[in-house]
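If you read the protein sequences in the order shown, they are chains A and B. Going left to right, the first sequence walks through residues 107 to 887 as this note's numbering numbers them. Going left to right, the second sequence walks through residues 107 to 887 as this note's numbering numbers them.
Fair warning: there could be bad hints in the mix.
Copies of the same chain are indistinguishable here, so a pair counts whether it falls within one copy or spans any two.
Simulated crosslink set (DSSO-like; lysine-lysine; CA at most 30 Å straight-line) [claimed, not checked]:
no.	residue 1	residue 2
1	Lys523	Lys171
2	Lys192	Lys862
3	Lys523	Lys343
4	Lys239	Lys885
5	Lys239	Lys343
6	Lys862	Lys200
Don't read these hints as lab results, they were simulated from the structure.
There are 2 protein chains.
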Amino acid sequence: MNSNTDHTENHKDAVFSVNETSSDLEELTNSCNDYSKSLLSSLRRRILTSDEVVEPGTLNILSAKYESLDYDTCENHLLLDEERKKGTKYLIKKNLQRWLVFLLIGVCTALIACSIDISIEQLSQVKYATLSKCVDKFIVEGKLYIPYFMYVAFNIIPVFIGASLVAFVEPVAAGSGIPQVKCYLNGVKVPQVVRIKTLIVKSVGVVLSVVGGLAGGKEGPMIHSGAVVAAGISQGKSTTFNVDFGIFKHFREDHEKRDFVSGGAAAGVSAAFGAPVGGVLFSLEEGTSFWNQSLTWRTFFASIISTFTLNVVLSTYHGVPGNLNYPGLLNLGQFERFSYQIYELPFFILMGSFGGLLGALWNYLNYKLSVWRIRYIRNKWLKVTEACLIAALTATVGFLMMFLINDCKPLGQDPTKFPTQMYCGDGEYNVLASIWFQTPEASVRSLFHDPPNTHNALSLFVFVIAYYLLSCTTFGLACSIGLFIPTLLTGAAWGRLVAVGLLQLFPNATALVHPGKYALVGAAAQLGGVVRMTISLTVIIMETTGNISFALPLILTLIAAKWTGDFFNEGIYDTHIQLSGVPLLPWEPPPFVHNIYASEVMSHPVVTLRTIDKVDHIVELLHLTTYNGFPVVDPPIREEHGYPTYGRLRGMILRSQLIVILQRRLFNETCEDWESISSSIFRDEYPRYATIDEVFISDEDKMFTIDLRPFMNPSPYSVLHSTSLSRMFRLFRALGLRHLPIVNDTNEVIGMVTRKDLARYRVCRHRGKIVVEELLISKEL
Amino acid sequence: MNSNTDHTENHKDAVFSVNETSSDLEELTNSCNDYSKSLLSSLRRRILTSDEVVEPGTLNILSAKYESLDYDTCENHLLLDEERKKGTKYLIKKNLQRWLVFLLIGVCTALIACSIDISIEQLSQVKYATLSKCVDKFIVEGKLYIPYFMYVAFNIIPVFIGASLVAFVEPVAAGSGIPQVKCYLNGVKVPQVVRIKTLIVKSVGVVLSVVGGLAGGKEGPMIHSGAVVAAGISQGKSTTFNVDFGIFKHFREDHEKRDFVSGGAAAGVSAAFGAPVGGVLFSLEEGTSFWNQSLTWRTFFASIISTFTLNVVLSTYHGVPGNLNYPGLLNLGQFERFSYQIYELPFFILMGSFGGLLGALWNYLNYKLSVWRIRYIRNKWLKVTEACLIAALTATVGFLMMFLINDCKPLGQDPTKFPTQMYCGDGEYNVLASIWFQTPEASVRSLFHDPPNTHNALSLFVFVIAYYLLSCTTFGLACSIGLFIPTLLTGAAWGRLVAVGLLQLFPNATALVHPGKYALVGAAAQLGGVVRMTISLTVIIMETTGNISFALPLILTLIAAKWTGDFFNEGIYDTHIQLSGVPLLPWEPPPFVHNIYASEVMSHPVVTLRTIDKVDHIVELLHLTTYNGFPVVDPPIREEHGYPTYGRLRGMILRSQLIVILQRRLFNETCEDWESISSSIFRDEYPRYATIDEVFISDEDKMFTIDLRPFMNPSPYSVLHSTSLSRMFRLFRALGLRHLPIVNDTNEVIGMVTRKDLARYRVCRHRGKIVVEELLISKEL
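With the sequences and hints as input, model every part of the structure.
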C-alpha cells in the first residue's frame, strides 16, 4: 500500500486523474486564448437534457442514436491462432472469394437495375399511350376532364402503393438513398440501411414512384440497391429470411462489409448511368476515406461487370443482342461531337454560376420544406396522403400546361413516341404533351437531342418554373425516388431556353449554338448546384452521353456551379444528413483546433473492465451503460469506494464481444472446451447481436469470472490526454476507429473519445469569418 | 533517489527496458509459432555490414540512403501562436493561394509540355524530311550508305548531347521519372528529384532523345516535369538560383509540397495525353495513400487548366486558334466509334493475356539488362557511349528493315508526311520507311488510323520483334525518355498483325475486324502488361483517343494483361524501384504479421533528448548519429553510467529543427527576443538545411542550454511495444509518418520505428505460397 501511495505522489504532476480533471480543465482554460475559452465554457453541456426541446429542422444538433461502425481489426489471440492454422491457402481462398463476391455484386446489381428499367418502361408505355389516346379521343367530345382524372388516377394509384410501402414497411427506403449510403461509407451505422427489406421496398417503390409520374428518377435508388446487394451477398446470409448459406463467413465484420458496400454503390452508379469509371469515382468522392488500390480495383471490376451485364440484358431487350455499343444503351442518349470555341467558355462558366444559384435556392427551399415536414407530417398516413397530393399536383400542372400553352410542331420532326394532338392542327402534335407524357428520363433525352426549334421559349420557361418547384417538393416525400433526373431535366430545360435566347440575339450562330449543347451545360450546372459533386459527376455525364470531347466545358461549368452554390449553403445530401443529426466526419479536421486537447473532448469518467473480471460486474455494466466499447485495464493502482475507477490500458473489448462471451458461457470456471473457440463465434452472430436483456445469466453464473485477454483487442490505438483535437481527428478518420481511449502519462485510461466527440466540431462560415461551431448532442432527435 | 528506485521496482514487470529487450525477445520467440521464429532468427542482422557485398541487381535489399518525408504536422507552441495571431483571414488567404499555385502549376506544366511537343515536332520534321529526300536521291545513284550514315549521325548527335547532360549534369533525370515521382508521393525523399536542374535536363533531354530516334516517348518525362514544376512554384524560391520570391512561404513543408507535387504529376499526365481525368486517377493510383477530397479536387483543377492551356497553345500552333476540340489535339488521334460484338470480348481478353505475357517477358529482359548495366556500365562515359550505340543500332535496324522488306503501297492512301519511294515503283511508297521516318508517337497514330491493308503481315511481324527488343534495351539508358509510347507502338503493331491474321481467316469479317481497333487493344494489352496500371490507364487511353464507347473492351484487356503479368513478376516501375532499394510502403500491411511486435521491429537503444538539454549534448548527438528524429523525454527516472538512456516521452524533435535552433542560437541564456521567434524560422531554411558541420558552435555556446518544448512536436503518435506490425504499418501509411516512437507501459521511450523497419517486410510468392520475406538494409546500395 505504501509503495502505491508513493507512486501516486511521485507522479502527481504526470497523473491526470479523474478527480483532477475539472481543475485541470480550468487551468487549461486560463492558459488558452479567448476564442478557445468561449469554446470551453460550452464544453460542459454537450448533451441536451431530455426536457430541452430540440427545434425541428436545426442543423446544429447531433443525434445520439447513431453508432459507429468498427473498421479496426481486433487482433486478439483468436485471430492470431486462426491465421497461424490456416496459412497461405486460406489467404488465397479469401482473396478469390472476394473477387467472386464483387463479380456477384456487379451481376446482381445490374439485374435489379434492369428489372427496374424494364418495369418502368413497360408500365409507363401503357400509361402514357392510354393517356395520349384518351386526350385525343375526349378532346373531340369536349370532355377533357375525363383524361385529366385518368391522369390523376394513374399518378395517384402507384404513388399510393409506393408511399404506403415506404411509410409502413421500411421508412429508411424513402428518398434517393445516397445520403444514407454516404453515411454508411463514412462509418456511421444507419439502422436498416443495408437490409434486404429495404432493398425490396426501394426497388418496388422506385418503379411505382416513377410510373406514378413524380418528378424524380431511378438513379439514386439504384445506387442504394447496389449497396444493399453488396452487403447482402458478402455476408452469405439473411437475417430477415433467417437463412445462412454458410458461405463468405470471413467477411462478417464491419471492415470487410464496408469495402463490399463501396463496391456495390459503385456498381449501382455504373448500372444506373452505364458509367463504370464514374461509379468508382462516385464511391471515392462520396465515401472512401482511405484510398486503397486493391479495393479500388475490385470496385472497378464490380462496376465493369455491372455495366456489362446491364448492356447484355438491355441490348437483348432492345432487339440487338450482343451489340454492346448500341447507342440506345446510353441513358441520356449519345451526343454528337459538339464543337465549341474558346470564347464560349466564359459563357459556360456563367451558366455554371447561374446553376449554382438556382441549386442553392433549390436546396434552401427543400430544406425549409423538410423542416416543415419534420414538424407537421409526422403521421404515416399523412405522409402517404402528402405523396398522393403531390402526385395529383404533378398531373394537374402537366395537364394545365399542355392545355393552356398551345405549342404545336409538325409531326415527324420530333421522335416522340405518343404524339398527342390536343388543340393542334392535323399533322401536328402538342410539344408539351410529348414532354409530360413520358418518364422524366425520356424528357431529358428529348431536351438533349431534339432538333433546334422543337421547343418555344414560353413553354420552356413555364416548364422550368413548374418542374423546378415540383422536383423540390418531391424530394423528401415518403417515396423511394432520386433527384438526379429531375434536376437534370430542369437544367436541360433552362439550358435550352438559353440557347433559344442566344439564337434570337445572334440568328447567324446556328452552327455554334446547338440547343442540345446548351441543354447539357444547363443540366450539368443545375445538378452541380444541387448535389455539389464535381469529379464523379463530370465523368458520369461524359460516360452517360458517350461524349468525351466536351469534358472541359463540363468541368468548368460544374466547378462554377459548386463554388457559387457553396457560397450559400451545403449540398442537398449534406443538408439532409445534418437534418438527421448524423455525426458525419468531414475529410479534414476543422481549423483552429490545435489548442483543444483530448482531455477537454473526451467523455469521462470512463467505465473499465479488468483483464479478469467477474460476470456479475460485466452484466451490471452492460445493463447500466449504453457504451459499446470498454477499455480493459490492469487491476487499478488505487481504488475509490472499493470500486476500480481506472487502471493501465491493456486492451479494448466491445459490447458485442461481451454479449457473445456471456451467451456462450465462456467462464473460467465452467468452460472446458477452449480448443473449439475461435474467431468465428463472433462472426456467427454478426451483425445483429442480442441485447444484454436477451442473455440469460443465472445467479450462479454471476459468481464466475471471465478472462478477457484472449478476446480483447490487445493493442488498441490510444493517445495521451495532451493530444490535440486535430491529431485525434486524423487518427480517427484515417483508421476508421470507433473508440479512442485517452490515457495519462502512465498509460492509465482516463477517458474515451468517440465519433460524436469529434463530429461535434464543425466549420461554418459566420459573417464572412470561418469559425468552428460546437454542436450539441441530443438523445431525442 | 529512494522513490525512484521504488518506482522502478514496482514496475519491474511493466517496464520494458533496453537491457531487458533481448531476453524479452527470446521469450516472445519461444511463445510464437515456427514461422515467426524463423523470422525472428534473422531479425538480429537486419543491416548488412560494410564488408558484406551486395549482389548487383538484387531486389531484396533496401538501401539505407533514402530518408522519409515528414507529413505529420508539428503542432508546437509556435504553430499555435501563429494560428491564434493570424486567424480566419490567414486561413482564407492560404486557401486562395493554394488554388493560385495549382493554377500556375497547370499553366506552367502545359507550357513546358507544349515546348517539348513543338520542339520535337519541328526538329523531327527537319530530320526525317531530309532523310526521306536523301534516300530517294541516293538510291538512284546506288549510294544508299550515304543516307544510312546520315541517319546514324542524326540519331547519335542528339542522343550524345542528351545522354551527356543526364550522365554528367543530373543522373536522376534518366528514364521516365515515373518511378521517382511514385517514390516521392509514397513519402520517400529521392535526392534531387524535384530540383529545377532536374527539370531542365529532363525537358531538354527528352527532346534530344526523341529527336535522336530512340525507341521512347516524351510522356513519362512530361509527368516528371509537372512534378518538378509543382515543387518549384509552390515553394516560391529556388535554391539552385538562390532566388527567394518571398511568396508562398507557408507551403514550405513536406506535407504541403507533397500535395502540390501530386497535382503537378496529374497536370503532367494531363498535358502529356490531354487526359485530365486520367491525370487525377494516375496520381491517385500511383501515389496517394490518404484520399482527400479537397486535394483531389485541386488536383483535378490543375489537370484541367493544364489540358486547357495545352489545347489553347497547340490549337494556335495548328492554325485553328480557339478550336479546343480540334481532333488533331488528341495525341493518338481521334477514333471513330468502333462497334464490337459480345463474342469479340473473350478474344480481347485473350489478347490482354498475351500482352501480359509479352509484358512480363519485357520486364524480365529489362530487369536482366538493368542488372548488367549496374554491374558493368558504371562509368559516365560508358553510359553515354551505350546510349549512342543504341541510337546507332536503332537507325541500323530501321534502315535494314526498309531496305530488306519491300512493302510498297500506292501513294495517297496513307497520310504519311514524307513518302519515301525506296525500291518501290513510281506512285508508290515504302510503308516501313514511313513508319521509321517519323517519331514513335506518329507511328502509333499511323498504326491506329491507317486504313486496312496498309501494312502487310511480314513487315508488321519483323517490326514487332525489332521494336520490342529495341524499346527494351532503350529503357534504362542514361537518357531522359519514357516507355509509354514505344510499348504502345509494339502493342499496336502486333494488334494490327492479329487483325491481318483474322482477316485471312475470316475474309468476310471486314466490317468487324477493323485493324485500328485491334491495334488499340494490342497497344493497351502491351502497355498494361508492362506497367500494370489499370484504372488510370483505361481512362488515359479513352481520353487520348477521344473514344468512350470502347471502355469495356479496354478494361477487360487491361485486367487480363495485369493478371497475367502479375503472375510472373512486378510491373516495370516497381522492379526499378526495388532495384534501387527504395523503401516503398505498399498499400496494405503484409499478411501474417499480426504476431510480429513493435519490440522486435524497432531500432534500439534510442537516442533521446531532455526537454531542456545542454547545447554540448545536442551537438554531440547530431555529430555522432545520423538519426533525423529524436524523442524528447522528461529527465529520466534512472541514469546509467551518468548518461540518460530513456525517459517518459514528451515530444519529438527533428534534426532539421535542432540545426535551425543552433544556427539561430536560441539558447536559454543568451536569446532575448523570444517574441520574434515564429514557425517561419524553420520554413525559411526548408528544404535544404545545413549539416551540423556547417553550424559554428563556440566552446562558450556549448555551456548553454536549450528549452526544446516550444519547438518540439508535443504529442507525436506513439505506440506500445506490444503493438503488432500490421497496426504500426497502418498508422504509418495512413498518417504519412516518418518516426514512430515505441513506448513501454509507463510511456517511456524504448525504441523507434521508421519507414525502413516496416518496408523490410514484403509479400512475395514463393513456390505458389504467399510468404512474407524480410529484406536486409544495406548502406552500400
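Among all the numbered hints in the text so far, which are the ones the structure does not match? 1, 3, 4, 5
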